[in-house]
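Chains as they are written, first to last, in the working numbering: chain W, 1 to 211; chain U, 1 to 233.
No wet-lab data here; the hints were simulated from the structure. There's no promise every hint is true.
Residues from chain U that face chain W, not an exhaustive set, calculated with beta carbons under 7 Å [claimed, not checked]: (1) F27; (2) A30; (3) I41; (4) A45; (5) G47; (6) K73; (7) S77; (8) Q103; (9) A119; (10) P123; (11) G133; (12) N176.
Where a beta carbon is used, it is the ideal one built from N, C-alpha and C, also for glycine.
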Amino acid sequence: MNRFTREQMAARVGRDIPNGAYVNLGIGLPTLVANHLPRDREIILHTENGLLGMGPAPEPGAEDPDLINAGKQPVTALAGAAFFHHADSFGMMRGGHLDCCVLGAFQVSVGGDLANWHTGTPGAIPAVGGAMDLAIGAKSVYVMMDHLTKKGESKIVERCTYPVTGLKCVNRIYTDLAVIDVTAKGLRVIDIVDGLSLAELTRISGVELKD
Amino acid sequence: MIDKTVGTAAAAVADIGDGATVMIGGFGTAGMPSELIDALIDQGARGLTIVNNNAGNGEVGLAALLKAKRVRKIICSFPRQTDSYVFDALYHAGEIELELVPQGNLAERIRAAGSGIGAFFTPTGYGTLLAEGKETREINGRNYVLEYPIEADFALIKAQHADRWGNLVYRKTARNFGPIMAAAAKCTIVQVREVVNLGDLDPEAVVTPGIYVRRVVEIPMAAKFVAQPGAAA
Numbered sequence: 001m002n003r004f005t006r007e008q009m010a011a012r013v014g015r016d017i018p019n020g021a022y023v024n025l026g027i028g029l030p031t032l033v034a035n036h037l038p039r040d041r042e043i044i045l046h047t048e049n050g051l052l053g054m055g056p057a058p059e060p061g062a063e064d065p066d067l068i069n070a071g072k073q074p075v076t077a078l079a080g081a082a083f084f085h086h087a088d089s090f091g092m093m094r095g096g097h098l099d100c101c102v103l104g105a106f107q108v109s110v111g112g113d114l115a116n117w118h119t120g121t122p123g124a125i126p127a128v129g130g131a132m133d134l135a136i137g138a139k140s141v142y143v144m145m146d147h148l149t150k151k152g153e154s155k156i157v158e159r160c161t162y163p164v165t166g167l168k169c170v171n172r173i174y175t176d177l178a179v180i181d182v183t184a185k186g187l188r189v190i191d192i193v194d195g196l197s198l199a200e201l202t203r204i205s206g207v208e209l210k211d
Numbered sequence: 001m002i003d004k005t006v007g008t009a010a011a012a013v014a015d016i017g018d019g020a021t022v023m024i025g026g027f028g029t030a031g032m033p034s035e036l037i038d039a040l041i042d043q044g045a046r047g048l049t050i051v052n053n054n055a056g057n058g059e060v061g062l063a064a065l066l067k068a069k070r071v072r073k074i075i076c077s078f079p080r081q082t083d084s085y086v087f088d089a090l091y092h093a094g095e096i097e098l099e100l101v102p103q104g105n106l107a108e109r110i111r112a113a114g115s116g117i118g119a120f121f122t123p124t125g126y127g128t129l130l131a132e133g134k135e136t137r138e139i140n141g142r143n144y145v146l147e148y149p150i151e152a153d154f155a156l157i158k159a160q161h162a163d164r165w166g167n168l169v170y171r172k173t174a175r176n177f178g179p180i181m182a183a184a185a186k187c188t189i190v191q192v193r194e195v196v197n198l199g200d201l202d203p204e205a206v207v208t209p210g211i212y213v214r215r216v217v218e219i220p221m222a223a224k225f226v227a228q229p230g231a232a233a
């Protein structure tokens, strides 16, 4: 079966982000999107630890311990950047000022519920960070994830079995097999990997998918 | 004359008592007031409730305070990190209580405490494990969770510059929780890299007005905090 590579997934997300957008890229796979934002657009990256206008990683030797991203990796600040404190940072998120955030996920339900913070494994130390704020904060919430778990189970589900991060919050899902919009009338496939039929994708996913 | 500067970190933290609630600034190690924490460890207060975004990295700063078993409870959003092994061991041994709070709710609860808000409705966390048992309300078709302020006896934070009135300017993303913790605590103690003369800070650029600050300790940037190639954040 063909699959979109991670780079292809990131490039596809990047193409869908318009000029002038304020965007938060979550930790993990979504971070790759930063390398695939169209060069002819000005897109302003937000990091929830207090920076708008985040730039790429610094040259080796130029790291500044006071200038990091939400993953605590060294970053740079572009010309035009702004620093602010945590309550402002999450206020701009919760207040609906961010155009888009891109998040990883364990599961997304057909209704757009997101599970991405906790596996619920007994004994696991729970850690939530900004996941719940991001899930409900941006105008558009995009999820990037593998379509199937390593065991071959669909990560798109009728109801999340992992603890949810937010309810009815996901707008679009980018997987290695398809791009799927979450709509009021159900899941709508807007792109699919070459050689895969909608019927086969539906069978693999175990949920209803529309063209 | 008002002079909030204090000579040493030890003098600045001397009156933090057993069982106190102490906010500690910083996101990971950016903005963490390491020298004030070291002074608190030396001072010996125990049974503390700590408010921080994380639960310590490696064995320095907050992690060292945890390792010294001075902390009864931690209120934070993201305890589990690749180098949070001190917290992890205490948690698994049942030797520390954890109150997990979504990061934006943590920030807003701290801000609420500093600005006299009794409680607030937030959409973050609605319908999740972290809102179980909490009061909820539908407002204009959207669901919210009632959250209460987090107050503290002390805040230990770090800034770049201060004057003797306690006005503060921060540096880059080390600002993070500093301004809101400064307002939320009864006694805010700041370590700054440099104390400047009154009037040297541009009033248009002051981030934390001195009204929120009780004590200022000058601790120049240590060589270990100057950017090093490959230094992990």
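Do the hints match the structure? See the list:
1. F27: Nearest chain W Cβ about 5 Å off; hint holds.
2. A30: Interface hint status for U:A30: holds (5 Å vs cutoff 7 Å).
3. I41: violated, 21 Å
4. A45: violated, 25 Å
5. G47: Hint violated; U:G47 Cβ to chain W Cβ min 22 Å, cut 7 Å.
6. K73: With a closest approach of 15 Å, the U:K73 hint is violated.
7. S77: With Cβ-Cβ at 5 Å, under 7 Å, it holds.
8. Q103: holds, 4 Å
9. A119: violated, 16 Å
10. P123: holds, 5 Å
11. G133: Nearest chain W Cβ about 15 Å off; hint violated.
12. N176: holds, 5 Å
When each numbered hint is compared with the structure, violations occur for hints 3, 4, 5, 6, 9, 11.
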